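K.L.:
Listed below, chain by chain, are the residues.
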Amino acid sequence: MSINPVTGNRLTGRAAACGTAALLALALAPPELLAQDASPAGDGTQAQEPAAPDAPAAARTPPGDRAARDRAPRPQPDVGRDWPFYGGGADAQRFSPLDQITPDNVAGLERAFVYRTGDMPSEAAEGKYAAETTPLKIGDALVMCSAKNVLISIDAATGEENWRYDTGVPDEAIPYSASCRGVSAYTAPELPADAPCKSRVIEGTIDAKLVAVDLADGTPCEGFGENGMVDLWTDIGERVPGWYAVTAPPAVVRGVIVTGAQVKDGQAEDAPSGVIRGFDAVTGEFLWAWDLGNPDNADGPPEGEVYTRGTPNMWATAAADEELGYVYLPMGNSSVDYYGSNRSEAENRWATSLVALDVLTGEPVWHFQTVRHDVWDYDLGSQPTLLDYPGPDGTPVPALLLPSKQGDLYILDRETGAPLTPVGEVEAPTTGDVEPEFIAESQPVSEWHVLREPELTGRDMWGFTPIDQLWCRIRFRLAEYAGYLTPPSAERRWIQYPGYNGGSDWGSVAVDTQRGVIVANYNDVPNFNRLIPREEADARGLRPINDKRPGAQGGTNAEGAGDAQAGAPYAIDVNAGWRNDVTGIPCTSPPYGGIRAIDLETGETLWDEPLGTARRNGPFGLPSGLPMKIGTPNNGGSVITQSGLVFIGAATDNLFRAIDIDTGETLWSDVLPAGGQANPITYEVDGTQYVLIAATGHHFMETPTGDYIVAYKLPDR
Amino acid sequence: MTHATTADTAASRGQARRGGWRLAARCLAAVLALIGLVLAAGGIWLIALDGSWYYAPAGLGLVLVAVLLWRQEMAALQLYLLVWLATVAWAFWEVGTDWWAQVPRLVAPTVILLAMLVMLPALGRRRAPARGTAQ
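Chains A and B supply the protein sequences, listed in that same order. Just so we're aligned, residue 0 is where the first sequence starts under numbering that gives the first Met the number 0, counting upward by one. Just so we're aligned, residue 0 is where the second sequence starts under numbering that gives the first Met the number 0, counting upward by one.
By construction, these hints were calculated from the structure, which means they are not laboratory data. Among the clues, some could well be false.
[Stated by the list, open to error] Not the full set, but computed from the structure, chain A residues with beta-carbon under 7 Å of chain B: (1) Arg110; (2) Phe112; (3) Val113; (4) Gly462; (5) Pro465; (6) Pro589; (7) Gln641; (8) Met700.
[Stated by the list, open to error] Residues from chain B shown here face chain A by an in silico Cβ test under 10 Å; the list is partial: (9) Ala32; (10) Ile34; (11) Leu38; (12) Leu48; (13) Asp49; (14) Tyr53; (15) Pro56; (16) Glu93; (17) Val102; (18) Pro108.
[Unchecked claim] Between beta-carbon pairs, the in silico distance windows are: (19) A:Gly583 - B:Thr96: 24 to 30 Å; (20) B:Ala85 - A:Asp598: 40 to 46 Å; (21) A:Glu426 - B:Ile43: 34 to 40 Å; (22) A:Asp165 - B:Thr96: 53 to 59 Å; (23) B:Ala29 - A:Gly583: 22 to 28 Å.
Keep in mind the model is a prediction, meaning the values are calculated, not measured. Note that beta-carbon positions come from the ideal geometry of N, C-alpha and C, so glycine has one too.
So here's chain A without its partners, still in its complex pose (with noise of 0.2 Å):
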């Protein structure tokens, strides 16, 4: 063998990353067994079901009833002055026409101004915090939340604060980490241009809050529910602080507020219902309910009755299409992520797809299905992007584009959920001593892009020295591996990679249509897990968030450290980022995370460039100030302008940084006073463009946490 073909290739030759080991073992399927999966209803298990959309057998209540209101499609805000939504546009694509700031003069880039949102945690919330903040620019204005659900407005120019309302959320409500990504904004067309709340921001709290207060002012709006809140443990059973939590936006569709919660993972097979709601964005009523348990629930479960317990939920921030009247949900996996030999018929339909629902009556439409069978929690958990792509004839079709955890992108028919580029079959291995019976036996694949990096071999194992590494490499050795579709195993470790950060996660991917790129950051990183006997997690002390008892470990560590899995025969053990379990350091070699430029006709990589530099990581934990690029693992998507400029943050090198998009090349950079694990946007107030990011840090990411957002221009003239 000449120069390592598997090592090299990760920070020389990542164009070539599509041919990844794993992908020469792929078995291209049958065309008719392709054209079965592409199909609208393709439900993604072995046995599959007539081409035929996602409509209930029963004769359902007129849409008419539960959505009296004019539905029509309304005209959208553009992006440009004002970033609107949470993805810039409706559509989602994280791109701005703005082109003031330029690959020349971004250099020169300065700050505007700090603000601090005061979200600070407590000593009891310590470790919890990851706000995710991304704000909307609406006129003159900046609209967020904060960590803890605080809706805050500042000028867009001054960051001057014009108004605050503090939802008052709890310390005990914080579910993995006290995150809210972003607020929607909705103009209620029916109301009079000067009624309170015509413009309102909605927002959906960690303690399942939907809120909604008047954009100009910060009052609550009194029309919204009860004072402006819906409180949605509704009909979700016993209420257990911290189990059930909204952290995205809500999706807002032809005055529909749909929207999903996150359910804290690991706990229990008994678990709060993963059930999709809508509601009236004007008045706060209940419109319907999508149980995919029981799809009887559409008008809400019988008295003394809640919604189908322990389904695949959605934590991740959805796709709202006004124009078909159509809402996109990156479904996640059922509660409990690791073991599925007793999930329900309904459970293995829905998991991990990509479900297109109708907000007028809350029916699916179709989806599609990326893990068949997920025993990995690869969630989706990028919001997928709208855009126009060239259908089967070359006329081009409206289209959404999904990233996955599993680092696949797919483009699909937005009517349809028919692929518009390759999707192949991939055949999975079914070893594992656990549920040899479940593990699916093949797995779809993108043979357009994925951002999946080839297997790992014992040569990718690191550390600081030959012990460490050699440690490593005995580990490796000893787990259960063979590819990422390893299953899981309980008497040895094994090796999940890429892990449940993605792949491409909720920081999601930028789309520039005029350039035909995109632009997705991504992490490379493996976790190591183990499924966890029953009686040895009993003994651990392992209980569910719902079960605590005095000593009792699990529900507050990194996510899947010891989660119990009660109801299922094992608990689960996730090693994050596969860390030595005597040094603390990444068994992996880098880079653990990347950036990469995508040619949206061809799928082929442009550029690929590792995120993020080696000045926050050393050894012991101490910062080595090494400004060369490693690629850190990172949380947090990117923004790309019109005049070719990538700014993101996402690293855990805290810095935030302006790529140029055609060369990969890192034009400026400024150190951000806590990690930017957040979205950023820009904006224009006065003829003066600005890019802002939250610098608030995350826990698991290990940054430190901060209260800033952070607005840059370019310096007066």
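Once you have looked at the hints, place chain B on chain A.
P.N.:
Structure of chain B alone, referenced to chain A:
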């Protein structure tokens, strides 16, 4: 008397100098022996697991280096140079110019190389008297 005193002083000076170097050489030898034993044991385990064959011989090499260093023989440095060169060759064969991947492969062995070079004055002392005796 005077002669004897001078001789005593010279002898004790020489003793001290040799003693300091000897202590240093033996400290390093102990460290290298420890590292070598860990690498050899882990390396044999890794071979049993069908993994890389680098670590076991490298570890055994280090143990030998440690023994020679303990005896302050010049061969310690010569053997270590061999181990180091083999390590470099293996490292580039495995990961080429992926410098982050080279960190665990090259940094510590090179630090040891520097330590061995520092030990140069401590080496070869045993041999010289031995040769002298033979003459």
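K.L.:
Work down the list of hints and note, for each, if the structure agrees.
P.N.:
Tested hints:
1. The interface hint given for arginine 110 (chain A) is violated, since its Cβ lies 32 Å from the closest Cβ of chain B, which is over the 7 Å cut-off.
2. Hint status for phenylalanine 112 (chain A) relative to chain B: violated, with the closest Cβ pair at about 37 Å, above 7 Å.
3. Violation of the interface hint for valine 113 (chain A) is found here, the shortest Cβ-Cβ separation to chain B being roughly 33 Å, above the 7 Å cut-off.
4. With a least beta-carbon distance of about 5 Å to chain B, the hint placing glycine 462 (chain A) at the interface is held under the 7 Å criterion.
5. The interface hint given for proline 465 (chain A) holds, since its Cβ lies 6 Å from the closest Cβ of chain B, which is under the 7 Å cut-off.
6. The interface hint given for proline 589 (chain A) is met, as the beta carbon of that residue sits about 4 Å from the closest beta carbon of chain B, less than 7 Å.
7. Hint status for glutamine 641 (chain A) relative to chain B: violated, with the closest Cβ pair at about 35 Å, above 7 Å.
8. Against a cut-off of 7 Å between C-beta atoms, the interface hint on methionine 700 (chain A) is violated, since the closest Cβ of chain B lies about 19 Å away.
9. At a threshold of 10 Å, the smallest CB-CB gap from alanine 32 (chain B) to chain A is about 14 Å, leaving the interface hint violated.
10. Interface restraint check: isoleucine 34 (chain B) against chain A, minimum CB-CB distance 7 Å, threshold 10 Å, status holds.
11. Proximity of leucine 38 (chain B) to chain A holds as hinted, the smallest CB-CB distance being about 6 Å (cut-off 10 Å).
12. With a least beta-carbon distance of about 4 Å to chain A, the hint placing leucine 48 (chain B) at the interface is held under the 10 Å criterion.
13. With its C-beta approaching chain A no nearer than about 7 Å, aspartate 49 (chain B) sits inside the 10 Å limit, and its interface hint holds.
14. Checking tyrosine 53 (chain B) against chain A by beta carbon gives a least distance of about 8 Å; that is within 10 Å, so the hint holds.
15. The beta carbon of proline 56 (chain B) is not positioned within 10 Å of any beta carbon in chain A (closest approach about 12 Å), and the interface hint is therefore violated.
16. Contact between glutamate 93 (chain B) and chain A, as hinted, is supported at the beta carbon level, the nearest pair being about 5 Å apart and thus within 10 Å.
17. Given the 10 Å rule on beta carbons, the hint for valine 102 (chain B) holds: about 6 Å separates it from the nearest Cβ of chain A.
18. With 10 Å as the threshold, the beta carbon of proline 108 (chain B) comes within range of chain A, its nearest partner Cβ sitting at about 7 Å, so the hint holds.
19. Taken as a hint, the range 24 to 30 Å holds for the pair glycine 583 (chain A) and threonine 96 (chain B), whose Cβ atoms sit roughly 27 Å apart.
20. Separated by about 44 Å at the C-beta atoms, alanine 85 (chain B) and aspartate 598 (chain A) satisfy the suggested range of 40 to 46 Å.
21. A beta carbon spacing of about 35 Å between glutamate 426 (chain A) and isoleucine 43 (chain B) agrees with the range 34 to 40 Å that was offered as a hint.
22. Roughly 55 Å separates the CB atoms of aspartate 165 (chain A) and threonine 96 (chain B), a value that falls within the hinted 53 to 59 Å.
23. Checked against the hint of 22 to 28 Å, the C-beta distance between alanine 29 (chain B) and glycine 583 (chain A) comes to roughly 26 Å, which is consistent with it.
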